[in-house]
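A.B. asks: Spelled out from the first residue to the last, the chains are:
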Amino acid sequence: DAGITQSPRHKVTETGTPVTLRCHQTENHRYMYWYRQDPGHGLRLIHYSYGVKDTDKGEVSDGYSVSRSKTEDFLLTLESATSSQTSVYFCAISESISGTLGNEQFFGPGTRLTVL
Amino acid sequence: AQSVTQLDSQVPVFEEAPVELRCNYSSSVSVYLFWYVQYPNQGLQLLLKYLSGSTLVKGINGFEAEFNKSQTSFHLRKPSVHISDTAEYFCAVSDQEDDKIIFGKGTRLHILP
Numbered sequence: 001d002a003g004i005t006q007s008p009r010h011k012v013t014e015t016g017t018p019v020t021l022r023c024h025q026t027e028n029h030r031y032m033y034w035y036r037q038d039p040g041h042g043l044r045l046i047h048y049s050y051g052v053k054d055t056d057k058g059e060v061s062d063g064y065s066v067s068r069s070k071t072e073d074f075l076l077t078l079e080s081a082t083s084s085q086t087s088v089y090f091c092a093i094s095e096s097i098s099g100t101l102g103n104e105q106f107f108g109p110g111t112r113l114t115v116l
Numbered sequence: 117a118q119s120v121t122q123l124d125s126q127v128p129v130f131e132e133a134p135v136e137l138r139c140n141y142s143s144s145v146s147v148y149l150f151w152y153v154q155y156p157n158q159g160l161q162l163l164l165k166y167l168s169g170s171t172l173v174k175g176i177n178g179f180e181a182e183f184n185k186s187q188t189s190f191h192l193r194k195p196s197v198h199i200s201d202t203a204e205y206f207c208a209v210s211d212q213e214d215d216k217i218i219f220g221k222g223t224r225l226h227i228l229p
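Which chain is which? The protein sequence lines are A and B, in order. Numbering follows the working numbering, in which position 36 of the first sequence is assigned residue number 36; successive positions increment by one, without gaps. Numbering follows the working numbering, in which position 1 of the second sequence is assigned residue number 117; successive positions increment by one, without gaps.
In short, the hints are calculated from the structure, not lab data. Quantities reported herein were computed from a predicted structural model and do not represent experimental measurements. One should not assume that every hint holds.
[To be verified] Listed below are several chain B residues computed to face chain A (Cβ distance under 7 Å; list not exhaustive):
| no. | residue |
| --- | --- |
| 1 | Ile217 |
| 2 | Phe219 |
| 3 | Gly220 |
For glycine and all other residues, C-beta sits at the position ideal for the given N, C-alpha and C.
Using the sequences and the accompanying hints, generate a full structural model.
C.D. replies: Structural data, given as structure tokens:
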């Protein structure tokens with residue numbers, strides 16, 4: 001299994017508070033991604049990173065920010081959490097976007113976030 | 117722009133019966149196609165992938181999928197399902213020019229005893 005951990009695994013917080021989720025990898029993969037999973041919507045990309053300090057927005061980036069200061073860590077921050085951000089958050093990593101691997105992504109175990 | 121449509125949100129099937137989960141995609145360039153499986157309360161695992169070459173791709177747990185370029189489809193099949201196949205299945209598409217994957221909304225496979 002790819003070495004990907006997410007912390008915390010579960011979190012309950014209140015509306016308006018800041019929240020940071022951490023994704024840590026031991027695979028030295030270049031690409032890292034944050035998704036949210038909601039019933040009926042599948043996985044939707046929030047933000048992704050294609051290298052240290054290189055990030056870009058996904059389709060549902062409003063209300064979220066990210067940072068990647070080291071290859072192994074990718075942080076997702078909710079500056080002021082809202083109830084609509086209650087979801088399960090998955091981190092994924094990828095070594096390459098083409099060639100023999102295509103863009104095969106490996107997923108972490110997920111973080112279940114509840115915003116009251 | 118790429119997109120993925122999984123035509124069924126839920127598929128019930130009897131144990132030991134065959135199953136097909138349907139996936140259609142749209143893309144303007146050569147594609148990479150994936151099927152992922154998510155067991156309850158777990159992350160996603162890769163079942164199989166199509167990058168190039170043979171259009172019939174075999175994956176783990178007895179699953180296979182066929183890439184059909186003319187119909188822009190990548191349907192997932194298994195000849196005989198087991199209770200342990202109960203999960204949600206996601207089809208996904210990417211290409212050589214994009215560093216993102218687009219996921220379908222998922223199909224829940226229910227195995228009936």
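A.B. asks: Next, verify each hint and record whether it holds.
C.D. replies: Hint by hint, here is what the structure shows:
Contact between B:Ile217 and chain A, as hinted, is supported at the beta carbon level, the nearest pair being about 6 Å apart and thus within 7 Å. Hint status for B:Phe219 relative to chain A: holds, with the closest Cβ pair at about 4 Å, below 7 Å. Taken as an interface hint, B:Gly220 checks out: its beta carbon lies about 6 Å from the nearest beta carbon of chain A, inside 7 Å.
In this structure, every one of the numbered hints holds.
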